[in-house]
Amino acid sequence: GDSVTQMEGPVTLSEEAFLTINCTYTATGYPSLFWYVQYPGEGLQLLLKATKADDKGSNKGFEATYRKETTSFHLEKGSVQVSDSAVYFCALNTGNQFYFGTGTSLTVIP
Amino acid sequence: GAVVSQHPSRVICKSGTSVKIECRSLDFQATTMFWYRQFPKKSLMLMATSNEGSKATYEQGVEKDKFLINHASLTLSTLTVTSAHPEDSSFYICSARDWGNQETQYFGPGTRLLVL
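As they're listed, the protein sequences go chains S and V.
According to this note's numbering, numbering within the first sequence proceeds without interruption in unit steps and concludes at 110.
According to this note's numbering, numbering within the second sequence proceeds without interruption in unit steps and concludes at 1116.
If you are wondering where the hints come from, they were derived from the structure by calculation, not from laboratory data.
Just to be clear, a hint being listed does not mean it is correct.
Okay, the calculated bits of chain S under chain V, using three or more residues with CB under 8 Å as the criterion [stated by the list, open to error]: (1) 25-36; (2) 60-68.
Each pair of labels, with its calculated beta carbon distance range [said to hold, decoys possible]: (3) V:Gly1053 <-> S:Ser105: 30 to 40 Å; (4) V:Gly1016 <-> S:Asp54: 46 to 56 Å; (5) V:Pro1008 <-> S:Pro40: 11 to 21 Å; (6) S:Gly1 <-> V:Glu1087: 35 to 45 Å; (7) V:Ser1018 <-> S:Pro110: 42 to 52 Å; (8) V:Glu1103 <-> S:Lys60: 16 to 26 Å; (9) S:Phe18 <-> V:Ser1009: 43 to 53 Å; (10) V:Asn1070 <-> S:Ser105: 31 to 41 Å; (11) V:Lys1055 <-> S:Glu15: 46 to 56 Å; (12) V:Gly1016 <-> S:Thr12: 34 to 44 Å; (13) S:Gly78 <-> V:Lys1055: 42 to 52 Å; (14) V:Leu1074 <-> S:Lys60: 28 to 38 Å.
List time: in silico EDC-like cross-link candidates among lysine to aspartate or glutamate, alpha-carbon distance up to 16 Å [unchecked claim]: (15) V:Lys1042 <-> S:Glu8; (16) V:Lys1042 <-> S:Glu63; (17) S:Lys52 <-> S:Glu42.
Since this is a predicted model, take the numbers as computed values, not measurements.
Just so you know, even glycine gets a beta-carbon here, dropped at the ideal spot from N, CA and C.
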């Protein structure tokens, strides 16, 4: 069935370090792909999305490219800040239902 | 962007009582809303899909008589936890799908329920 696999956390980085959070998916058809971010004690916020192969989603310095050949949608940021500390969820939408990864906790230390 | 609100944000209740949680789409119409439950340091577990004007569709293992869902209008869905018990304590999150942009779900801020 359809599913999303995310790298296990937690991830701890120093401020200004490069971030990659891996996400791969399994789906029939052509899903849309998403990254959501959850700050402590809050709900999920849409960070970025891509709706077709080779699309690049970007927001707040984060980027992810929809790679159909590798079924991946890795999240990257060139220079993380303390305020980026949160849990990041990769998700796919097949049109009827969303499937979420297990989340990756990121802590950025000054 | 699209905004979804939830009320209350936090609730403490006694075991055996019922609690109602509201989910509203503030600036768009949502024919479909979703209710999730999130356990500490875990991903979201979809509980049910709520369609305006019809009965909710519950995921396997979710008791529909315990978690009552009503979606009476295009901007409001409610989740009622009936006869709550301590094991129902959790973070409940709703989301809504924009009628005009059905690819994206917008999430509410969540409701923290603590049953004593």
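Cross-check of the supplied hints:
1. 25-36: Satisfied; 3 residues make the cut.
2. 60-68: violated (count 0)
3. V:Gly1053 <-> S:Ser105: 30 to 40 Å: For Ser105 (chain S) against Gly1053 (chain V), whose Cβ atoms are near 39 Å apart, the range 30 to 40 Å holds.
4. V:Gly1016 <-> S:Asp54: 46 to 56 Å: holds, 55 Å
5. V:Pro1008 <-> S:Pro40: 11 to 21 Å: holds, 18 Å
6. S:Gly1 <-> V:Glu1087: 35 to 45 Å: violated, 28 Å
7. V:Ser1018 <-> S:Pro110: 42 to 52 Å: holds, 46 Å
8. V:Glu1103 <-> S:Lys60: 16 to 26 Å: holds, 20 Å
9. S:Phe18 <-> V:Ser1009: 43 to 53 Å: violated, 35 Å
10. V:Asn1070 <-> S:Ser105: 31 to 41 Å: holds, 34 Å
11. V:Lys1055 <-> S:Glu15: 46 to 56 Å: Since the Cβ atoms of Lys1055 (chain V) and Glu15 (chain S) sit about 50 Å apart, the hinted range of 46 to 56 Å holds.
12. V:Gly1016 <-> S:Thr12: 34 to 44 Å: holds, 43 Å
13. S:Gly78 <-> V:Lys1055: 42 to 52 Å: holds, 48 Å
14. V:Leu1074 <-> S:Lys60: 28 to 38 Å: Distance hint for Leu1074 (chain V), Lys60 (chain S) holds at roughly 31 Å.
15. V:Lys1042 <-> S:Glu8: The given pair, whose Cα atoms are some 11 Å apart, holds under the 16 Å limit.
16. V:Lys1042 <-> S:Glu63: At roughly 24 Å apart (the allowed maximum being 16 Å), Glu63 (chain S) and Lys1042 (chain V) break the hint.
17. S:Lys52 <-> S:Glu42: violated, 29 Å
Hints 2, 6, 9, 16 and 17 from the earlier list are contradicted by this structure; the remaining hints agree with it.
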